[in-house]
Amino acid sequence: MSKNKLIFAIIGWVLVILLLIGVLMLNWKSSVAPTTTRSSGDFKIWIVWDSKNKFEEFLSTFRLDNKSISSVNIIVESFPNYEDYSRALTSAMIKWIAPDIFVLNNNETSIFEEKITAIPTDVISPIDFKKNYRGVFTDDLILESIQGDDPESRVEFLKWFPVWYETLWIFHNRRFRFKPSDFNSLASLNSAITRTKKLNVTPLWIGNWSTVVDAQDILSQFFLLHKVDSLENADATKIKQALWVYTWYWAKNWENAYNELFTNTKATGKTNIDLFAENDLAAIVAYPRAVLKLQALGFSSKMLFSAPFPHFHSADGWTLANYNYFVVNSDSQQKDVAFTFLKYLNSDAWASAYLDKYRYYLPARLNLEAEMVEQKVSNYFDSVVLWDFYTNDKTPLSSFNKWNKIIFDREVISVLDNFSWYLNDFSEFKSSTLCKTEKILNLKDLWVSCN
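Just so you know, this note's numbering puts 168 at position 9 of the sequence shown, and the rest follows in order with no gaps.
No lab work stands behind these hints, which were simulated from the structure alone. Built from N, CA and C at the ideal position, the CB exists for glycine as well. Careful: at least some of the hints might be erroneous.
[What the hints assert, rightly or not] No farther apart than 25 angstroms at their CA atoms in a straight line, the calculated lysine-lysine pairs in the DSS-like style are these:
(1) LYS290 - LYS318
(2) LYS386 - LYS399
(3) LYS452 - LYS516
(4) LYS386 - LYS461
(5) LYS254 - LYS289
(6) LYS356 - LYS254
(7) LYS386 - LYS289
(8) LYS429 - LYS452
(9) LYS274 - LYS494
(10) LYS494 - LYS226
(11) LYS226 - LYS203
(12) LYS494 - LYS203
(13) LYS386 - LYS589
(14) LYS211 - LYS461
(15) LYS516 - LYS535
(16) LYS254 - LYS516
(17) LYS429 - LYS356
(18) LYS535 - LYS397
(19) LYS289 - LYS502
(20) LYS494 - LYS211
(21) LYS516 - LYS274
(22) LYS589 - LYS603
(23) LYS203 - LYS338
(24) LYS274 - LYS429
(25) LYS211 - LYS274
(26) LYS516 - LYS502
[Stated by the list, open to error] Here are the computed distance ranges between Cβ atoms for each label pair:
(27) ALA455 - GLU315: 42 to 48 angstroms
(28) THR220 - ASP604: 47 to 53 angstroms
(29) GLN534 - ASP298: 24 to 30 angstroms
(30) ASP298 - ASN610: 29 to 35 angstroms
(31) SER350 - GLN454: 29 to 35 angstroms
Could you put the whole structure together from the sequences, leaning on the hints where they help?
Spelled out as structure tokens, the structure:
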């Protein structure tokens with residue numbers, strides 16, 4: 160085993176042990192009252208990625224319209240990344256101080272699903288939900304339960320609730336003269352890369368991990384291009400196809416001119432977004448919220464253009480949907496407040512008010528699409544509007560189940576930064592990730608090594 164593999168194996172086992180401890184503690188029912196308590200009036204909400212201040216601005220309006228909860232002390236915490244968030248949530252669950260409402264990501268099977276309470280149908284009706292939300296949400300979020308002893312008697316319900324989603328976009332620099340037709344398919348994009356290289360710039364920065372923000376999700380998008388919607392379903396042929404296409408953009412001496420900048424970029428700790436802001440790249444793949452960093456880095460407000468991520472052909476494959484959905488903690492003592500909050504978010508007016516605080520997200524509610532298509536993603540960038548990023552029925556939205564998001568996102572880097580052996584290593588990575596997730600979720604085969 161190489162040094163790199165050994166390091167990642169150690170990291171993986173430490174992560175599994177920590178998560179297993181969390182799972183065991185979550186399922187342990189103590190006869191002793193928890194030693195850590197909080198004020199009975201506190202109501203906690205935890206989110207990821209998004210501004211705490213903007214969330215609190217939204218809540219201030221929400222509280223004014225809901226006099227019944229005006230006296231409730233609502234505490235909001237926001238985390239910069241999902242790994243820090245998940246670790247803190249595990250710790251909070253163990254200490255019995257977990258938030259009343261928290262979020263989970265759609266692209267994994269979470270260990271926290273056992274700590275979620277169902278949303279009553281008089282709060283959010285599954286029938287109405289199907290009418291008002293895109294299919295990807297009804298497929299992911301509506302569950303069934305058996306009524307009584309009759310296995311044929313089933314009732315639908317929701318355990319989780321979305322307000323927004325995001326898809327991966329191509330951001331391109333206007334000075335390098337991409338045309339709208341360049342993003343019709345991957346073939347047309349590759350032709351544009353060949354043309355753009357002549358302008359002495361690296362055309363598109365994807366293909367590895369170290370310098371690519373959200374490379375794990377970009378790789379997930381390449382799996383969805385081959386209609387693979389989970390790590391478990393990624394057979395050897397699909398793995399080879401998806402990884403070959405993704406890593407080819409990093410291939411030495413190809414038209415993408417990637418390697419000329421890669422070594423120095425990795426050494427300095429810069430990312431594709433940094434290079435794009437410095438005009439060293441013609442285009443990047445990123446989520447819409449990248450506009451926040453581009454603005455902070457001083458990218459010209461007139462030079463940023465955007466387009467949907469291209470597929471092999473106009474009607475091939477699926478488009479990755481990434482979103483965090485709200486859930487209610489089953490241990491919450493204030494479920495009435497939680498359900499009031501979700502019920503209000505399940506409306507055009509309040510969902511629109513929420514999204515107005517985070518303008519880089521696409522609305523989960525269908526009715527809001529027509530209202531928001533001309534909305535700028537950022538007031539700073541003139542030419543980037545939400546309309547650019549809606550998908551059509553030919554390339555439907557889909558989740559990609561990583562099984563365990565933290566393990567997948569952390570350990571896939573050992574694959575994507577080693578071009579020469581990525582195929583064999585990804586197969587090993589897949590087996591290891593599924594094995595570790597089984598231990599975490601089901602406490603299965605605990606004595607078996609996953610490496």
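(request) Take the C-beta atom of THR220 and the C-beta atom of ASP604, compute their distance, and say whether it sits inside 47 to 53 angstroms. (result) Hint holds: Cβ distance 50 angstroms, inside 47 to 53 angstroms.
(request) Hint says 29 to 35 angstroms; check whether the CB-CB distance for ASP298 and ASN610 agrees. (result) At roughly 34 angstroms between Cβ atoms, ASN610 and ASP298 fall inside 29 to 35 angstroms, so the hint holds.
(request) Please work out if LYS535 and LYS397 have their alpha carbons no farther apart than 25 angstroms. (result) 37 angstroms, violated
(request) For the pair supplied as a hint, LYS516 and LYS535, confirm whether the alpha-carbon distance does not exceed 25 angstroms. (result) 12 angstroms, holds
(message) LYS274 and LYS429 were given as a pair; does the straight-line alpha-carbon distance stay at or below 25 angstroms?
(response) 39 angstroms, violated
(message) Between the beta carbons of SER350 and GLN454, is the distance compatible with 29 to 35 angstroms?
(response) Cβ of SER350 to Cβ of GLN454: about 31 angstroms, so the range 29 to 35 angstroms holds.
(request) Just tell me: holds or violated, for the beta carbon distance of ALA455 and GLU315 against 42 to 48 angstroms? (result) 44 angstroms, holds
(request) With a cut-off of 25 angstroms on the C-alpha distance, tell me whether LYS289 and LYS502 pass. (result) 15 angstroms, holds
(request) Evaluate the given range 24 to 30 angstroms for the C-beta pair formed by GLN534 and ASP298. (result) 26 angstroms, holds
(request) Could you grab the alpha-carbon distance between LYS589 and LYS603 and see if it respects the 25 angstroms cut-off? (result) 17 angstroms, holds
(message) LYS274 and LYS494 were given as a pair; does the straight-line alpha-carbon distance stay at or below 25 angstroms?
(response) 13 angstroms, holds
(request) Could you grab the alpha-carbon distance between LYS386 and LYS399 and see if it respects the 25 angstroms cut-off? (result) OK: LYS386 and LYS399 at ~14 angstroms, within 25 angstroms.
In this structure, the hints that do not hold are numbers 4, 5, 6, 14, 16, 18, 21, 23 and 24, in rising order.
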